[in-house]
Amino acid sequence: METLKEWLGDAEQRLMTGLINRTCKKNPKLLDRLAMYLLRKIAGEVPPDPELDHPDSG
Amino acid sequence: MPTSTSKKPIYSVCTICDIGCQLRAETENGRLKRMIAHDNPALARNVCYKGTAAAHIHNHEDRLTKPLKRVGERGEDKWEEISYEQAMDEIAQRLKKIVDEYGPETLAVSTSGWNTQTTHAMDRRFMNALGTPNYISGVSLCAGNTAAVNKMTYGWFPFADIANSKCIVLFGHNPRKHSWTPIFNMINMARAKGAKVIVLDPRVSEQAEVADMHLRLRSGTDAAMCLGWLNVIINENLYDNKFVEEYTVGFDELCQRVNEYPLARVAEITGVDEQLIAEAARLYAGSESACIPWTPITDMQISSTSAIRLHSILRALTGNIDIPGGEVFSGFDPDYIPESKLGNHEMLSAEQKAKQLGADRHPAYTYRAQEMLSEHTERVFGYGYADIVMGCYMANPSATFRAMATEKPYPVKAFFALGNNALLSYPNQHQILKGLMNQELIVAHEIFMTPTAMLADYVLPGDVFSERNHIADAWNWKLGLSLSQKAVEPPAEASSTYQFWRDLAQRMGFADLFPWENIEQVLDYRLSPSGKTFAKFAEDNYMYIQPPQYRKYRKTGFATPSGKVELKSSVLEKLGFDPLPYYREGPAVSEEYPYHVFTGVREDAFFQTGQRQVKVLRDRSPAPKLFMHPKDAARQSIVDNDWVKLQTKTGEVSAKVLIKETMKEGHIRVPHGWWYPEMRGTSELAGAFISSDAVLCPDDPEFLDYEQGIPHFKGFPGRIVKLEEPPAGISAQVLEG
Numbered sequence: 001m002e003t004l005k006e007w008l009g010d011a012e013q014r015l016m017t018g019l020i021n022r023t024c025k026k027n028p029k030l031l032d033r034l035a036m037y038l039l040r041k042i043a044g045e046v047p048p049d050p051e052l053d054h055p056d057s058g
Numbered sequence: 001m002p003t004s005t006s007k008k009p010i011y012s013v014c015t016i017c018d019i020g021c022q023l024r025a026e027t028e029n030g031r032l033k034r035m036i037a038h039d040n041p042a043l044a045r046n047v048c049y050k051g052t053a054a055a056h057i058h059n060h061e062d063r064l065t066k067p068l069k070r071v072g073e074r075g076e077d078k079w080e081e082i083s084y085e086q087a088m089d090e091i092a093q094r095l096k097k098i099v100d101e102y103g104p105e106t107l108a109v110s111t112s113g114w115n116t117q118t119t120h121a122m123d124r125r126f127m128n129a130l131g132t133p134n135y136i137s138g139v140s141l142c143a144g145n146t147a148a149v150n151k152m153t154y155g156w157f158p159f160a161d162i163a164n165s166k167c168i169v170l171f172g173h174n175p176r177k178h179s180w181t182p183i184f185n186m187i188n189m190a191r192a193k194g195a196k197v198i199v200l201d202p203r204v205s206e207q208a209e210v211a212d213m214h215l216r217l218r219s220g221t222d223a224a225m226c227l228g229w230l231n232v233i234i235n236e237n238l239y240d241n242k243f244v245e246e247y248t249v250g251f252d253e254l255c256q257r258v259n260e261y262p263l264a265r266v267a268e269i270t271g272v273d274e275q276l277i278a279e280a281a282r283l284y285a286g287s288e289s290a291c292i293p294w295t296p297i298t299d300m301q302i303s304s305t306s307a308i309r310l311h312s313i314l315r316a317l318t319g320n321i322d323i324p325g326g327e328v329f330s331g332f333d334p335d336y337i338p339e340s341k342l343g344n345h346e347m348l349s350a351e352q353k354a355k356q357l358g359a360d361r362h363p364a365y366t367y368r369a370q371e372m373l374s375e376h377t378e379r380v381f382g383y384g385y386a387d388i389v390m391g392c393y394m395a396n397p398s399a400t401f402r403a404m405a406t407e408k409p410y411p412v413k414a415f416f417a418l419g420n421n422a423l424l425s426y427p428n429q430h431q432i433l434k435g436l437m438n439q440e441l442i443v444a445h446e447i448f449m450t451p452t453a454m455l456a457d458y459v460l461p462g463d464v465f466s467e468r469n470h471i472a473d474a475w476n477w478k479l480g481l482s483l484s485q486k487a488v489e490p491p492a493e494a495s496s497t498y499q500f501w502r503d504l505a506q507r508m509g510f511a512d513l514f515p516w517e518n519i520e521q522v523l524d525y526r527l528s529p530s531g532k533t534f535a536k537f538a539e540d541n542y543m544y545i546q547p548p549q550y551r552k553y554r555k556t557g558f559a560t561p562s563g564k565v566e567l568k569s570s571v572l573e574k575l576g577f578d579p580l581p582y583y584r585e586g587p588a589v590s591e592e593y594p595y596h597v598f599t600g601v602r603e604d605a606f607f608q609t610g611q612r613q614v615k616v617l618r619d620r621s622p623a624p625k626l627f628m629h630p631k632d633a634a635r636q637s638i639v640d641n642d643w644v645k646l647q648t649k650t651g652e653v654s655a656k657v658l659i660k661e662t663m664k665e666g667h668i669r670v671p672h673g674w675w676y677p678e679m680r681g682t683s684e685l686a687g688a689f690i691s692s693d694a695v696l697c698p699d700d701p702e703f704l705d706y707e708q709g710i711p712h713f714k715g716f717p718g719r720i721v722k723l724e725e726p727p728a729g730i731s732a733q734v735l736e737g
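So the protein sequences, as listed, match chains A and B. Residue numbering for the first sequence is 1 to 58, as defined by the numbering used here. Residue numbering for the second sequence is 1 to 737, as defined by the numbering used here.
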């Protein structure tokens, strides 16, 4: 028997997965763009990382 | 000349290591220009400097581009270029002759989807059609074996939901910024939300430095530590009583076994204070959710089967099964036909399966043990063969190389290595060489010439991930399909392993089993349950994850003979092993061999035996370094950068020393997979026997885990001898690095 706490926890994960899926679309519609906006808020911007650069990479 | 650059983003799944980060490719004039981080903020941190070195690897001047046929003695490294068609014709002709003489089981194949990426289980499909069960892989020492042993306890190999966990337990595992990067990022995400991290590692690793608790156990004692935790969890009633009562079998017997390991005994074995062990167990059991992510360390010990099972048992007793933040049982992806099915394991007869090398003594990940689960896997997951991370139906590598060398219990006379530098990848490198030298046919499929390929009769040039389309599914370990798009054409006659198996199958009379002309057709077929083609998938998304479902066992039960979590394993019992977990002491150190040596350690710049010829990576790690504690080094008058020999009863390696306070006294850490591409032509097999850790670890029966036949890579005895001179022929970069 599923408890309310379990249901809420599971629902949160399903919601997050749905949100991520929307951000992975190549031709995003309005709701997909909104999802990306939310994701950027959650994940934050990723600054450039000089450790990833190699001497002669472009 | 006008420059042509890619306009639309090209999404890639990196295969330089095994973690599968999603990246973006940029091309210019038909060449890969660079590989950069993803533009999705959820994926953008999942990139390391190996991934961004992809262009340096894929465009490397030493890439193999034409099929090669041996013209000198085996291992002499003398070749003639031939056409792909000629190579495939000759390979098929010679394989037929060998099979006619010795039987189909005479072919052994060493490979892994981790490295070759787009095989789509066609290796197993071909082998099953031919009639050989002798598939070996590095995953027998790393993740694949864990998958097989996990299935014995609860029918699947779950993936830890690290990012949502409240407590993360790392048994020797050390995910960091440039190794296992996505795992590192998930740990950081969880930590930012308040998760506690417990590290169990002899060293003060990067993860240990920032952990909430660090238990510096003696290497190779994971099983004893887990038994200690269970002792606390059971005797302090910290376990999930309801879950245990409803969903497990064997609890009473487990309690008896656990009581044989009071904390005082566990403290003595592991070298960790009793109070600290108890506190860690309480933190783990008391967390709202907790996970013990897979670790390569527990995979490679003399009590490996028990230790892996103990991880599973801890997960079950604390109710962390199939919940958010715990360990998630994905099952097969309903939208994508799994490799488990494509492998066609039903096709191989029982008679041939019984010939799988090593299955008699060490059956855990062979057909013999895993088929005991088939009807239960089918009941719960809808299909009987769950070959999760390719690790569930393998022959034992040591038994295979022994058969290759000695022709006992039967001759193995043909050996294929695809994306796999087998000589340096398994224990007892001397025996592997002996086995390879006793072959009538060796085929290597590689992107660079390796010591193993130098021993081959034919070397076929492989493609790389920027040169082919793919949809990655993490080999059924977790849900999620990730797009990898072809960015550029492969050079000259380089091609995929899929193409190799299909072309060989056609020549061997199995063409009807390989109806797909190319990888895109395979992908169309695999996506057919979703109603999409590869082109449509690629047009719509770069990733799609099925909505998660939790606690599925409440409806289906577990895919074990009892339908429950088997704390006492009925499969192990039937096979004649102890059905309860236990601790077995590894080989003891002595006055002659005073150090605990642990090998198989990954360095950020490389994956396994690869990339030593890639300048931008080699510059970051020019030479192999043994780590020693300052007191051990002082006792032997060794200073940083001294050359030493590390000797065991099995072999010796030369390397430089790096003295580190973070090492545990009496322990030596050896990096994995070193050879010297720059020594090709001047040193036998490009220095494959100078610094390779595969020569060190014995694989005699007394050094092997009973159930799987896993060698004890984590804590075998060795000694250090200071060298007056570095090994002959070593390059200036190594000397200075």
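Check before you lean on any hint, since a few could be wrong.
[Claimed, not checked] Calculated cross-link-like contacts (lysine-lysine; reagent style DSSO-like; alpha-carbon spacing at most 30 Å):
#1 B:Lys555 <-> B:Lys615
#2 B:Lys649 <-> B:Lys555
#3 B:Lys341 <-> B:Lys434
#4 B:Lys615 <-> A:Lys41
#5 B:Lys196 <-> B:Lys615
#6 A:Lys41 <-> B:Lys196
#7 B:Lys193 <-> B:Lys353
#8 B:Lys615 <-> B:Lys478
#9 B:Lys564 <-> A:Lys25
#10 B:Lys353 <-> A:Lys5
#11 A:Lys5 <-> B:Lys341
#12 A:Lys5 <-> B:Lys722
#13 B:Lys33 <-> A:Lys5
#14 B:Lys532 <-> A:Lys26
#15 B:Lys166 <-> B:Lys177
#16 B:Lys564 <-> B:Lys177
#17 A:Lys25 <-> B:Lys33
#18 B:Lys8 <-> A:Lys26
#19 B:Lys341 <-> A:Lys41
#20 B:Lys631 <-> B:Lys615
#21 B:Lys564 <-> A:Lys41
#22 A:Lys25 <-> B:Lys353
#23 B:Lys486 <-> A:Lys25
#24 A:Lys25 <-> B:Lys615
#25 A:Lys41 <-> B:Lys555
[Unchecked claim] Here are some chain A residues pointing at chain B (derived, C-beta under 10 Å):
#26 Ile20
#27 Leu31
#28 Leu34
#29 Met36
#30 Gly44
#31 Glu45
#32 Pro48
Keep in mind that the hints were calculated from the coordinates and are not lab data. No residue lacks a Cβ here, since even glycine has one placed at the ideal position from N, Cα and C.
Checklist entry - Which of the listed hints are not met by the structure? => result Those not satisfied are hints 1, 2, 3, 4, 5, 7, 8, 9, 10, 11, 12, 13, 16, 19, 20, 21, 22, 24, 25, 27, 28.
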